[in-house]
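Student: Here is how the chains run, residue by residue.
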Amino acid sequence: MNDDETLMSVFARGSARTCGPVERGAAAEAFEELFRRYKQPLYGFFRRRTGDAARADELTQECFLALLESGERYRPTATFRTFLYAIGLNLVRADRRKTVFRAMFSGDSKTETGSDPRTELSLLVRDALGRLDRVEREMLMLREYEELSYGEIAEVLQVPVGTVRSRLFRARAALRDVWQAAPADPIHVAARQGGRA
Amino acid sequence: MTTLAAAAQHIQDEDLMALVDGELTGTELTRVEEHLAACGQCTAGVAALRDTQLTLRTWSVDTVPQGVADDVLAHLKAWNSGEATAARKAPAASRRKWWAWGGAAGALATGVFATLLLVTSGGRSSRPIESLGKQQTLEATVPAGGVMAGAPAPVKAARAAAVDSLQQDQAAPAPAASAAVAGMARSEAMLAQPAAAEPQRTVRPIGGGGRTGRPATAELNAPMIARTVSLSLTVRDVERSRDALEGLLRGYGGYAAEMNVSTPEGGVRTLTASLRVPANNLRGMLAELKGYGKVEDETQSGEEVGQQHADLAARLNTSRQSEERLRGILKTRTGDVADVLQVEEEISRVREEIESMEAEQQGLEHSVNYATVELQMDEEGHNTVATRTVGSRLWEGARHGWNNAAEALVGLVLFVLEYGLAIVCVLALLGLPAWLLWRRWKKVRTRR
Numbered sequence: 000m001n002d003d004e005t006l007m008s009v010f011a012r013g014s015a016r017t018c019g020p021v022e023r024g025a026a027a028e029a030f031e032e033l034f035r036r037y038k039q040p041l042y043g044f045f046r047r048r049t050g051d052a053a054r055a056d057e058l059t060q061e062c063f064l065a066l067l068e069s070g071e072r073y074r075p076t077a078t079f080r081t082f083l084y085a086i087g088l089n090l091v092r093a094d095r096r097k098t099v100f101r102a103m104f105s106g107d108s109k110t111e112t113g114s115d116p117r118t119e120l121s122l123l124v125r126d127a128l129g130r131l132d133r134v135e136r137e138m139l140m141l142r143e144y145e146e147l148s149y150g151e152i153a154e155v156l157q158v159p160v161g162t163v164r165s166r167l168f169r170a171r172a173a174l175r176d177v178w179q180a181a182p183a184d185p186i187h188v189a190a191r192q193g194g195r196a
Numbered sequence: 000m001t002t003l004a005a006a007a008q009h010i011q012d013e014d015l016m017a018l019v020d021g022e023l024t025g026t027e028l029t030r031v032e033e034h035l036a037a038c039g040q041c042t043a044g045v046a047a048l049r050d051t052q053l054t055l056r057t058w059s060v061d062t063v064p065q066g067v068a069d070d071v072l073a074h075l076k077a078w079n080s081g082e083a084t085a086a087r088k089a090p091a092a093s094r095r096k097w098w099a100w101g102g103a104a105g106a107l108a109t110g111v112f113a114t115l116l117l118v119t120s121g122g123r124s125s126r127p128i129e130s131l132g133k134q135q136t137l138e139a140t141v142p143a144g145g146v147m148a149g150a151p152a153p154v155k156a157a158r159a160a161a162v163d164s165l166q167q168d169q170a171a172p173a174p175a176a177s178a179a180v181a182g183m184a185r186s187e188a189m190l191a192q193p194a195a196a197e198p199q200r201t202v203r204p205i206g207g208g209g210r211t212g213r214p215a216t217a218e219l220n221a222p223m224i225a226r227t228v229s230l231s232l233t234v235r236d237v238e239r240s241r242d243a244l245e246g247l248l249r250g251y252g253g254y255a256a257e258m259n260v261s262t263p264e265g266g267v268r269t270l271t272a273s274l275r276v277p278a279n280n281l282r283g284m285l286a287e288l289k290g291y292g293k294v295e296d297e298t299q300s301g302e303e304v305g306q307q308h309a310d311l312a313a314r315l316n317t318s319r320q321s322e323e324r325l326r327g328i329l330k331t332r333t334g335d336v337a338d339v340l341q342v343e344e345e346i347s348r349v350r351e352e353i354e355s356m357e358a359e360q361q362g363l364e365h366s367v368n369y370a371t372v373e374l375q376m377d378e379e380g381h382n383t384v385a386t387r388t389v390g391s392r393l394w395e396g397a398r399h400g401w402n403n404a405a406e407a408l409v410g411l412v413l414f415v416l417e418y419g420l421a422i423v424c425v426l427a428l429l430g431l432p433a434w435l436l437w438r439r440w441k442k443v444r445t446r447r
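Protein sequences appear in the order of chains S and F.
The numbers in numbering that gives the first Met the number 0 rise by one with no breaks, and the one at position 107 of the first sequence is 106.
The numbers in numbering that gives the first Met the number 0 rise by one with no breaks, and the one at position 327 of the second sequence is 326.
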């Protein structure tokens with residue numbers, strides 16, 4: 000099985016305007032495979048960062064279509080995941096700007112980012128994350144949900160690796176503080192629900 | 000001692016976190032694992048971190064809707080067949096639409112701005128042009144003979160018609176112009192002094208200079224040019240040049256309408272003069288004048304006054320005919336005393352106009368017969384600025400600097416006094432909404 004970068008390189012080659020039908024067909028297959036692998040992680044990425052399931056659907060679709068159009072711009076120096084999540088993060092930022100702008104004029108203050116939590120535990124986690132510093136929260140989410148390495152997080156957020164490490168540590172410490180101060184500690188709730196099996 | 004040694008050997012929390020995140024490799028990983036096998040405190044730390052990690056990962060999301068997958072794959076199929084995807088086409092079209100609207104709005108705004116700018120600057124620039132034109136006209140119609148031109152031709156023509164119909168027109172400008180003519184003629188005579196009588200003799204009668212009749216066609220067609228020369232010279236000795244200049248004027252039958260010699264402190268001695276020279280002798284006199292020193296600047300110009308002169312002659316003729324008719328009416332004496340007095344008043348008014356126009360005509364002829372030379376002579380080698388000491392120059396520079404600084408400060412204070420309140424008002428008008436928007440923005444961001 001080919002890794003992500005190989006698939007993306009095949010797709011990038013097939014995206015060139017001068018390529019033939021064979022290369023284009025291979026590129027389509029590579030893209031389909033990448034889509035199959037990343038549709039759920041990317042949907043989760045948007046779902047946890049937007050307050051609206053419909054917006055998450057649109058952003059997921061938008062992100063893959065952006066990828067479809069920007070294949071020629073991919074350089075093998077970056078991993079596919081950093082390339083994909085960098086696009087995703089730009090879409091999220093643009094969406095937040097639009098939301099804030101709309102909220103300014105419409106008076107609608109519902110600009111929260113997390114998805115609707117389906118359990119008590121998810122609610123506690125989302126609220127605790129919401130209390131963190133914006134950048135630290137983003138780092139922690141990229142680490143825990145998208146499972147990016149420190150180097151990949153540094154590349155996506157355009158910061159040094161050392162900064163990622165120190166701020167991740169700070170974010171986790173802050174998260175523990177928030178949980179300990181909360182009436183219902185999520186870790187204990189998780190233990191109660193058997194979520195830590 | 001044992002506790003301290005153990006504490007010194009504990010793994011740092013960041014390294015424990017890196018271990019949990021799978022970021023440790025090689026010897027670092029081995030070192031941490033060996034330590035964890037023997038250290039319960041660090042093992043507990045790792046467990047706490049894993050608890051946090053696991054708790055975070057309990058935030059699960061639903062699966063991606065099938066519709067999203069279908070849409071993306073449909074676009075992929077279209078992309079593979081070389082078609083532009085519909086979903087991307089729509090935003091692109093939308094963007095183009097926005098760009099088009101934005102461009103149109105920008106072009107409209109630019110057009111309005113440019114029009115306003117043109118209208119505003121056009122209004123501003125037209126005034127200097129008009130005033131310049133007036134200035135030129137005045138310069139042209141205040142000839143060396145000291146006779147001022149009256150009102151513009153259409154006004155004069157209307158007045159002439161009024162005289163012909165014997166209407167009572169108490170026009171004030173006519174006596175006023177006459178007085179001005181007399182006054183200017185006197186001052187000119189005082190300035191001219193010895194040569195004052197000479198120009199009267201040398202006036203060449205041109206186009207109806209006599210008291211009767213229109214000018215001959217040939218004379219009308221002959222060009223009447225009022226010449227003006229501006230000459231700037233640098234001479235060795237201004238005093239000596241002045242004496243030579245007076246002799247030159249006598250020789251060529253000219254005269255000095257105005258002459259000034261000034262010697263400013265630290266500056267060059269300068270002679271400025273306004274000379275009147277017979278037009279026929281202008282070339283010869285200029286050639287000799289240029290021999291006095293180095294020519295720094297020379298400008299020659301001429302203005303055609305033929306049309307103006309012909310117009311004046313025609314109106315003069317009409318006024319004279321009116322005067323003759325009025326005198327004929329007076330001779331018959333068919334009316335009562337009041338009518339006779341009215342006719343006499345009218346004759347007096349027409350007579351004044353005629354004299355005014357005759358003076359104006361003579362002035363025009365004089366400006367044609369006598370060219371004007373505006374002369375400036377600067378003495379060389381008298382610039383004392385270069386010979387001053389370094390100390391005095393520095394002192395003067397410092398003094399000028401202080402004056403400039405004071406002027407700038409006063410200017411600034413004046414600016415603040417004049418426009419400060421307006422600027423504060425504008426800033427308040429623009430700044431208040433911006434500040435409110437910014438505050439709203441911050442509030443929304445904080446809520447996030």
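It is worth saying that the hints were derived from the structure and are not from the lab.
Because the structure is a prediction, the values reported are computed rather than measured.
Note that beta-carbon positions come from the ideal geometry of N, C-alpha and C, so glycine has one too.
Just so you know, not all the hints are guaranteed correct.
As the list claims (entries may be wrong) - Now the in silico label distances, taken between C-beta atoms and shown as ranges:
id: 1; chain 1: S; residue 1: Arg-35; chain 2: F; residue 2: Trp-440; range: 34 to 42 angstroms
id: 2; chain 1: S; residue 1: Arg-169; chain 2: F; residue 2: Arg-30; range: 17 to 25 angstroms
id: 3; chain 1: F; residue 1: Lys-76; chain 2: S; residue 2: Gly-19; range: 56 to 64 angstroms
id: 4; chain 1: S; residue 1: Ala-180; chain 2: F; residue 2: His-34; range: 29 to 37 angstroms
Student: Does each hint hold? Answer for all of them.
Tutor: Hints, one by one, checked against the model:
no.	hint	result
1	S:Arg-35 / F:Trp-440: 34 to 42 angstroms	holds (40 angstroms)
2	S:Arg-169 / F:Arg-30: 17 to 25 angstroms	holds (24 angstroms)
3	F:Lys-76 / S:Gly-19: 56 to 64 angstroms	violated (18 angstroms)
4	S:Ala-180 / F:His-34: 29 to 37 angstroms	holds (31 angstroms)
Going down the numbered hints, you'll see the structure goes against just number 3.
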